[in-house]
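Fit chain B to the known structure of chain A by using the hints.
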Amino acid sequence: MSKAAKKFWLLWDKIGGLLILVVVVIIYAVLYPKIIAPEQLTTTLMRSAITGIAAAGMTFAICSGGFDLSIGSIVSLVSCIIASLITKGMNTWLALLVALVVAAGCGLINGLLITILKIPAFVATLATQLSFAGAAYVYSGSKAVQITSKYNKDLKILSTGKIFGVFPTPIIALLLVFVLAYILYKYTSFGTKVRAIGSNELAARTTGIKVNKIVVLVYVATAVSAGLAGILNTARLSTGDNTLGNGFELDAITAVILGGTSLSGGKGNIWGTLIGAVLVTFVKMGLNMLGVGEAFQKLAVSAVLIFALSINGIKLIMQKEGK
Amino acid sequence: MEYIELKNITKTFVNVQALSDVSMSVREGEVHAVVGENGAGKSTIMKILGGMYFADSGEIWIDGIKRDIKNVQDALECGISVVYQELNLMPDLTIAENIYLHNLPQKGGIVDKKTMNLNAQTLLDSMDLKLKSTELTSMLSVSEQQMVEIAKALSHDSDIIIMDEPTASLNNNEVDTLYRLIKNLKKRGKTVIYISHRLQEIFDLSDQVTILRDGTYIGSYKTNEITTDKLVELMVGREISRFYKTADHVPGEIVLEVKNISKEGLYSDVSFSLRKGEILGFAGLMGCNREEIVKTIYGLVQADSGEILLNGVRTMPRNPAEAIRSHIGFVTEDRKGSGVFALMSVRENISMNILKLISEFGLIKADKEQDLLKNYTNKMNMRYSGYYQRINNLSGGNQQKFLLARALAADCKVLIMLEPTRGIDVGAKVEIYSLLGDLAKQGVAIIMVSSELPEIIGNCHRTLVVFQGKITGDISKKDMDADIDVHGANRREQLRVSSQKYENIIMQCATGNITYFRGEDK
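Chains as they are written, first to last, in our numbering: chain A, 1 to 323; chain B, 1001 to 1522.
Looking at chain A on its own, in the form it has when it is part of the complex:
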């Protein structure tokens, strides 16, 4: 591969997602100028928080050489638990804490299946996707639970609330999570070890990294971030819904891949993931405003995912031929 091509791909990994985002925004702006009105952009960002926070966790899972397909079901489960506990009169913040602990438990199960039983992450989390969704279904009695205005005062802070009266809470939460994720990824031994495991698991074991411990932590972190996403989404809808997270994992994974994180592990891009999450949300919401139905939105997201994967594939082919 020529030096110019190498430089191009290096740059693409860093800002490819951003470029696509800009193109998408321009196309939408031409088709439907209202989309880029400030209030609408704020709404889009607030929605991005839900996908984005889960995608931040997912970045660690994929970077470690793994995968987590179960996060959509975790979102559903968290949603049911919050709604049920709050409408039974539990303090909102306590209910949220309980939900996060349950989410962490889900992640622990994923991590143990993958490390102790050596089940490939893809299959293990596919199985637990069913388990957690089933748990949500059973727990809720398959009914959506409305959190009425009598109970949702605290919850509203998380959806329409503004910090210092200016900044919408979801956006602040999104930024906080990403700053934290970036520090973890870049500056702590945990992040370094995650990348080491994704880069060469055998070498990591040989070097004395406690691979199992780190991998379990990765899945717990991913599940907790999914739990946070579930909390935000439940707050937004004021409803506990056992199908809330259906297909959600696809959005998060798309965001991570668009952001330039290597699918084979070892190399992540936290800020890229943030851009990816905004992009996915933007594509969906834009279509929504253009009057395109949910089914077609899914098609559109899958098209974006396939596009991102194809570019990744082309890169790999070029790198191979260059050798």
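Just so you know, these hints were derived from the structure itself, not from any lab.
Please note that the accuracy of each hint is not assured.
Claimed, not checked - Listed next, the in silico BS3-like pairs over lysine-lysine satisfying Cα-Cα at most 27 Å (straight line):
#	chain 1	residue 1	chain 2	residue 2
1	A	K6	B	K1114
2	A	K315	B	K1368
3	A	K267	B	K1413
4	A	K7	B	K1356
5	A	K186	B	K1413
6	A	K213	B	K1356
7	B	K1365	A	K14
8	A	K14	A	K186
9	A	K210	B	K1368
10	B	K1356	A	K186
11	A	K210	B	K1336
12	A	K118	B	K1336
13	A	K210	B	K1413
14	A	K213	B	K1365
15	B	K1374	A	K213
16	B	K1374	A	K267
17	B	K1365	A	K186
18	A	K210	B	K1501
As the list claims (entries may be wrong) - Listed next, the stretches of chain A that the computed footprint assigns to chain B, with coverage defined by at least 3 CB atoms under 8 Å from CB atoms of chain B:
#	stretch
19	189 to 195
20	241 to 247
For glycine and all other residues, C-beta sits at the position ideal for the given N, C-alpha and C.
Okay, now just chain B, sitting in the frame of chain A:
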């Protein structure tokens, strides 16, 4: 006339000259042994005959006809089948299916299982094997699988059978079966080329023996006209240039004591000790499990019984993390597979073992990491463009230095290094040797496992030889060099002779011919 003739065969892999200008010939109906040390080129030349590799230059003549062997199919058409060292059986198929996979008997488009099973059973019976052709391969032991591999090769009814170390995984009984099989093949007029480094087998079986060394042809002899000593000398033969910085200091007190450790299927009743500042070599042939013995000290393998004492304290690490905490360092033999983190920077690669030490409040201090890198760069003369450079863009020698630095950064007192100079160029080799020598002088106890005898002889105070999971030799360099007069006029010649004697004893121990402990031949 010669039956098989190889003329001027040359083969180069990426940057290793595997064979250079090798010519050899084999007569029809003989058992022809090909011998040499690890890396002599035995397997390569047989893979060229078998169609697995294609020679860069040279010619193959079979029965007076020049042949172009490009793939396995071509080789089979020339009447050559190869039994490779590696097992290539499909575990979920039956023995019969495995044997006839290349050419399943069919009846109207459907596999004729009856004929297939019958043919396979006839073949197995003719080999004296107590195996059922309808059994699944996954149920067989390794040695039985090896026998099925041989059956597979025989099923082609080829005139030339090549066996690449067929006894590597066989026990004595099975070796007997194999002997009978080979004698039987010879009776039927087949030509057998037999690769091995077990000397006994060569004398038991072969009519003619060809010796290769470092990818070149050394000679070919009638087996009954050559002695074991002569054969070993031809195999190792090279003059040992002692450019290695031989560690000449005297080792201190005992640091590590391994007492009677055993691990089922790998090694048994292994005991040895290691002194402060000592460089201890581990020699042995492929498959003797010496790596597993030293990996036990680093917690990568767990012994079933026995104990390891570190400075008199029982230390049985359950994983590498525990070993590192006990100041045991390790450099792998498989740099790419279990050594470097290819996607990460040189700086991150060096600090991986001590992230806690260079962190404050959970955050890695970049300046401390940078100091670490600088420190070792100065000591070891690594070359890279910047701290952010990915390690997989460096040469093998530079990568090896980083792995060594990573082990040393965790303040190791016992350093285990497998194949310290595998796949690195001569310049870097010399640098690694002198680094190891310096470390030993500073009091680090070093275990060095190597397949290159000159490397062991040149660097180590003492050499342990492993044969089939047992220590068969403990040879100290001082003993070997005892009669050398350092000031004598023919010192060079004396050194050569003593090195040769040294190699000779190692090879004899490594092939199970003798045991040798500290000078006195037992």
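Consistency of the hints with the structure:
Taking the CA atoms of K6 (chain A) and K1114 (chain B), the gap is near 58 Å; set against the 27 Å cutoff, the hint is violated. Restraint check for K315 (chain A) and K1368 (chain B): not satisfied, since their Cα atoms lie roughly 35 Å apart, outside the 27 Å limit. Distance hint between K267 (chain A) and K1413 (chain B) is unfulfilled; the C-alpha atoms sit about 33 Å from each other, more than 27 Å. For the hint pairing K7 (chain A) with K1356 (chain B), the CA-to-CA distance comes to about 34 Å; that exceeds 27 Å, so the pair is violated.
With a C-alpha separation of about 31 Å, the suggested pairing of K186 (chain A) with K1413 (chain B) is violated against the 27 Å cut-off. Note on K213 (chain A) and K1356 (chain B): the hinted pairing holds, with a Cα-Cα distance of about 15 Å set against a maximum of 27 Å. Our distance criterion of 27 Å between C-alpha atoms is met by K1365 (chain B) and K14 (chain A), whose separation comes to about 24 Å. With a C-alpha separation of about 15 Å, the suggested pairing of K14 (chain A) with K186 (chain A) holds against the 27 Å cut-off.
At most 27 Å may separate the alpha-carbon atoms for a hinted pair to count; K210 (chain A) and K1368 (chain B) meet this at roughly 23 Å. At most 27 Å may separate the alpha-carbon atoms for a hinted pair to count; K1356 (chain B) and K186 (chain A) meet this at roughly 15 Å. Between K210 (chain A) and K1336 (chain B), the direct Cα distance comes to roughly 20 Å. Compliance with the 27 Å bound is thereby established for this hinted pair. At roughly 23 Å between alpha-carbon atoms, K118 (chain A) and K1336 (chain B) fall within 27 Å of each other, so this suggested pair holds.
Taken as a hint, the K210 (chain A) and K1413 (chain B) pair is honoured in the structure, with Cα atoms around 22 Å apart against an allowance of 27 Å. The straight-line distance between the Cα atoms of K213 (chain A) and K1365 (chain B) is roughly 23 Å, inside the 27 Å bound, and the hint therefore holds. At most 27 Å may separate the alpha-carbon atoms for a hinted pair to count; K1374 (chain B) and K213 (chain A) exceed this at roughly 31 Å. The suggested pairing of K1374 (chain B) with K267 (chain A) holds, with an alpha-carbon distance near 25 Å, which does not exceed 27 Å.
For the proposed pair K1365 (chain B) and K186 (chain A), the alpha carbon gap of about 11 Å is at most 27 Å, so the pair holds. Restraint check: the Cα-Cα separation between K210 (chain A) and K1501 (chain B) comes to about 46 Å, which exceeds 27 Å; the hinted pair is violated. Given as covered by chain B, the stretch 189 to 195 of chain A passes the check, having 4 residues with a CB less than 8 Å from a CB of that chain where 3 are the minimum. Taking a C-beta to C-beta cut-off of 8 Å, the stretch 241 to 247 of chain A contributes 0 residues in contact with chain B, too few for the three needed, and the coverage statement is violated.
When the structure is compared with the earlier hints, violations turn up for hints 1, 2, 3, 4, 5, 15, 18 and 20 and for no others.
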